[in-house]
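Engineer: The primary structure of each chain is shown beneath.
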Amino acid sequence: MNVTESTYNTTIVLMEAAPYLNQSMHTLLPGSSHAAIFINTPYQVLLSLKAAIAMQFHVAKSSVEDYPSFHALLDSVEFFCSRQAILCLATALIINKFITGFIVFRGRNPRLFSMKAWYNPLLHLSSIAILSYYLIRPLRKDFQNPELYMRLDVTSFIFAWSLLTESILSLSFDRTPLESSDATLFELCLYMFILKQQGENHVSAPLALDCMLTMANRLLIHTLEFFQCRKYRLLGSTITSLTHLFFTVRRVYLYKGDMTKLSTFTTYFPRFFFVCVILTSLLCYLLAIIVRFDGSFEHIKDLEAFSFMDHLISHLNCTGEEDFTLVAGKLATMLCVGISSKDGKLNAEFSPLIVPDKINTKFMNNGYSNRIKEVVDYDETTSTAKKMNGFTSKHLLPEIFGLHHLYNFLDIIRNYRRNKLSHRIANQPDITGESRIIIDKPGTVEQEMDDDQLNFNENGEEDSDTYDYEYNDTNMHDSYSDSSESEFEFEQEIEDVVENNELIDMCTTMNNDDMDWMTHLLPILKYHYETGTVATRSMYQRDHNSNHVKHNTCINATSTDDPVTSDDDDDIADLSCVVCKINPRNVVLWPCRCFALCNDCRVSLAVRDYKKCVCCRADVHGFTSVKVQNEKS
Amino acid sequence: MSRLLKEYKKIQTTLSPNSTHHNNNDDDEFNQIITYLHPISTSDLTHWQAQIKGPQGTPYANHEFQLQIECPPTYPIEPPIIHFQPLSMPHCNVNFQTGAICLDILEKQHWTPAWNLMTTMKAIWILLKDPVPDSPLNVDIANILRVNDQSAYNGLLNYYLSASPSPSTTK
Chain A
1 MNVTESTYNT
11 TIVLMEAAPY
21 LNQSMHTLLP
31 GSSHAAIFIN
41 TPYQVLLSLK
51 AAIAMQFHVA
61 KSSVEDYPSF
71 HALLDSVEFF
81 CSRQAILCLA
91 TALIINKFIT
101 GFIVFRGRNP
111 RLFSMKAWYN
121 PLLHLSSIAI
131 LSYYLIRPLR
141 KDFQNPELYM
151 RLDVTSFIFA
161 WSLLTESILS
171 LSFDRTPLES
181 SDATLFELCL
191 YMFILKQQGE
201 NHVSAPLALD
211 CMLTMANRLL
221 IHTLEFFQCR
231 KYRLLGSTIT
241 SLTHLFFTVR
251 RVYLYKGDMT
261 KLSTFTTYFP
271 RFFFVCVILT
281 SLLCYLLAII
291 VRFDGSFEHI
301 KDLEAFSFMD
311 HLISHLNCTG
321 EEDFTLVAGK
331 LATMLCVGIS
341 SKDGKLNAEF
351 SPLIVPDKIN
361 TKFMNNGYSN
371 RIKEVVDYDE
381 TTSTAKKMNG
391 FTSKHLLPEI
401 FGLHHLYNFL
411 DIIRNYRRNK
421 LSHRIANQPD
431 ITGESRIIID
441 KPGTVEQEMD
451 DDQLNFNENG
461 EEDSDTYDYE
471 YNDTNMHDSY
481 SDSSESEFEF
491 EQEIEDVVEN
501 NELIDMCTTM
511 NNDDMDWMTH
521 LLPILKYHYE
531 TGTVATRSMY
541 QRDHNSNHVK
551 HNTCINATST
561 DDPVTSDDDD
571 DIADLSCVVC
581 KINPRNVVLW
591 PCRCFALCND
601 CRVSLAVRDY
611 KKCVCCRADV
621 HGFTSVKVQN
631 EKS
Chain B
1 MSRLLKEYKK
11 IQTTLSPNST
21 HHNNNDDDEF
31 NQIITYLHPI
41 STSDLTHWQA
51 QIKGPQGTPY
61 ANHEFQLQIE
71 CPPTYPIEPP
81 IIHFQPLSMP
91 HCNVNFQTGA
101 ICLDILEKQH
111 WTPAWNLMTT
121 MKAIWILLKD
131 PVPDSPLNVD
141 IANILRVNDQ
151 SAYNGLLNYY
161 LSASPSPSTT
171 K
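Line by line, the protein sequences give chains A and B.
Under UniProt numbering, the first sequence has 447 at position 447, and the numbering climbs by one with no breaks.
Under UniProt numbering, the second sequence has 11 at position 11, and the numbering climbs by one with no breaks.
Just so you know, the hints here were simulated from the structure itself, not pulled from any lab data.
Certain hints may be false.
Claimed, not checked - Have a look at the derived ranges for each label pair, beta carbon to beta carbon:
1. E70/B to E187/A: 32 to 40 Å
2. D302/A to D134/B: 52 to 60 Å
3. E107/B to I582/A: 20 to 28 Å
4. D600/A to D134/B: 32 to 40 Å
5. L282/A to Q109/B: 52 to 60 Å
6. Q109/B to E187/A: 53 to 61 Å
7. K9/B to V104/A: 45 to 53 Å
Claimed, not checked - The calculated DSSO-like cross-link candidates involving lysine-lysine, where the alpha carbons are at most 27 Å apart (straight line), are:
8. K6/B to K612/A
9. K611/A to K129/B
10. K108/B to K612/A
Keep in mind the model is a prediction, meaning the values are calculated, not measured.
All C-beta atoms, glycine included, are put in the ideal place defined by N, C-alpha and C.
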């Protein structure tokens, strides 16, 4: 009993000597129940520990005032232990791990979590409200010294909240989150920390202005997202940045002569310089126009900068992805380097193209022929991609001489149609894959087996037997496989007009095996007959329930092209860039639309001053990054 | 370097004589053109040697020609440096003494990284098929070609080809 009492006495003495150890008034749970004690005691111990460490730290810091470098080191240690730094870490963790992970998870199970449309305005509005409150308050009270009224801790929390809401919303609606380049959360927290340290001493007054600019830009982003008009981003950020620059310049003017205060403004030099370069260039251009002006604007086109100015909008990324600082920097660089609009185009990035699932195989670089016609929608992409799988695996490499097979094939078709060879039923699929049905009556039905085979697969009827598969297998391996596949690209027409009688004739004269084959063909022939015109594959697809057709096609295509794909494992992976063969292709060149490069190779080619497409030698005007989810990887 | 490694793999599957991969016209074509194409030592993929067959219907038919290929470190951004075996190739676009080839795609301006060693071999083979006397490295042969003296052309080439120590004659 004595021991306990003496321990208690010592504790009391200790508490009086070092008041920071007494944290007993801090409680997490009120009352004196067992649960409250169980929770409060460790909490109080932790608080005491923290207070002790903090005090030791401050003692240590004050003892080394004479050593500035050591002092600075302790300062940075203090920052990393401060509330702001921990907030940074937490936000970064939430954005990087939880949100992204959640979005990926949601992408896999889209039905489980559907983002309600009203989340968007609600969350943005909350951010807008707190941001504008934050911004207006200091402005109203004292315009000259807004930093006095900054609630320092709150600022970083507001910023973090704004970042979080924005990234959640953008990612869940499959858009890139907008980011302002003025200050990251980390920088902002650092500013806050410095401001807090300096307290009333206003050496770094521009920091407060910086914070306000950053907040203004966040407000801008939220407002734009709220009204869904991203394209005005550049305009808005230009206004805020220029205002900020104006105030900064004004302060520089106020502080003239005071070198220590002026030195804090060096960080604004690049931005100031960009604006100067742009203004000077514009002025020169206008001056040149005025000098050249002689009643008409014809001569202006001779100016060297004309084409650049003419294409100014296309050079700048005005989609709202980038804000003033980035765009001004780019523009200034372009003006200084003196790129006219005709060259250096491997460096000119156009707005990004987002291909949602797997890239359409029409994007593939196939010799000289295969270029992007349009960005197809999600549904079509998947089905065509799968349908073309066999085709892809052979044509991915830039087969520079590969095209003549296609022409050979087209020639064969043409010759064949011209000659109208024989007039009897001979529908055994021969090994060359060019089997024909020819009917007694002259010039009535001629079918390229290859055309029809495609329709087999798309045929919505039940394909219970394995005929198609076998047929495809032989076809894939024969010498004409190239040509039979290349027609995917060409949407060839089936130019048959079939009379009803002939249809029946055909069916009746077939033996059993042929009948089997006929049942597959029948709906198509019927369709020809019903429409009475030349029916194309797309028409057929449109008029029949296309989903069913697509579904069947996918099944057939995936099962039948297996032998081919297993042959060339190299070629499947050949969404790889044609130059390095390592990275996946993710750059489309304009205007030739060749999809053959990865971004690394584009950069290394641009550095070496390549101006032409690596595949087709067309002049390159620019490129676009494509996001491709590689299903194989 | 990994690009060369991948090309090597691809070449091996395409050109292997007993491969089952000959389901493809292109593979067949490459097999008809190239006898072999491999790095001189497997530890160094920058130096290669190749042998291509003379195209039918030309004086080069039934002859085979050796090529030395050197890939610069910047390959495939820059073209490989390709030479015929010196003193073995009478052709109006080939320097007979050194074996240097005058072919636009082997120059930096006209090369594109989308080409690879096999397609380059094919381009050289096509050059054998269709000589371009307008940009000659062997002026004598080019002059004969320009005046379109077929018999002189064939005779001269046959003389050269039978005299030179072509690998096919030693076979």
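Engineer: Now look at each hint and say whether the structure bears it out.
Structural biologist: Cross-check of the supplied hints:
1. For the hinted restraint 32 to 40 Å between E70/B and E187/A, the CB-CB distance of approximately 51 Å leaves it violated.
2. Evaluation of the 52 to 60 Å hint for D302/A and D134/B yields a failure: the beta carbon distance comes to about 36 Å.
3. Range check, E107/B to I582/A: Cβ separation about 26 Å, and the 20 to 28 Å hint holds.
4. Evaluation of the 32 to 40 Å hint for D600/A and D134/B yields a pass: the beta carbon distance comes to about 39 Å.
5. The beta-carbon spacing between L282/A and Q109/B, approximately 36 Å, falls outside the hinted interval of 52 to 60 Å.
6. For the pair Q109/B and E187/A, the supplied restraint of 53 to 61 Å is violated, since their beta-carbon distance comes to about 46 Å.
7. The hinted range of 45 to 53 Å is not satisfied by K9/B and V104/A, whose Cβ atoms lie roughly 33 Å apart.
8. Among the hinted pairs, K6/B with K612/A is consistent with the structure: their alpha-carbon atoms are about 25 Å apart, no more than 27 Å.
9. Among the hinted pairs, K611/A with K129/B is inconsistent with the structure: their alpha-carbon atoms are about 31 Å apart, more than 27 Å.
10. Our distance criterion of 27 Å between C-alpha atoms is met by K108/B and K612/A, whose separation comes to about 12 Å.
Hints 1, 2, 5, 6, 7 and 9 from the list above are not met by this structure, while the remaining hints are.
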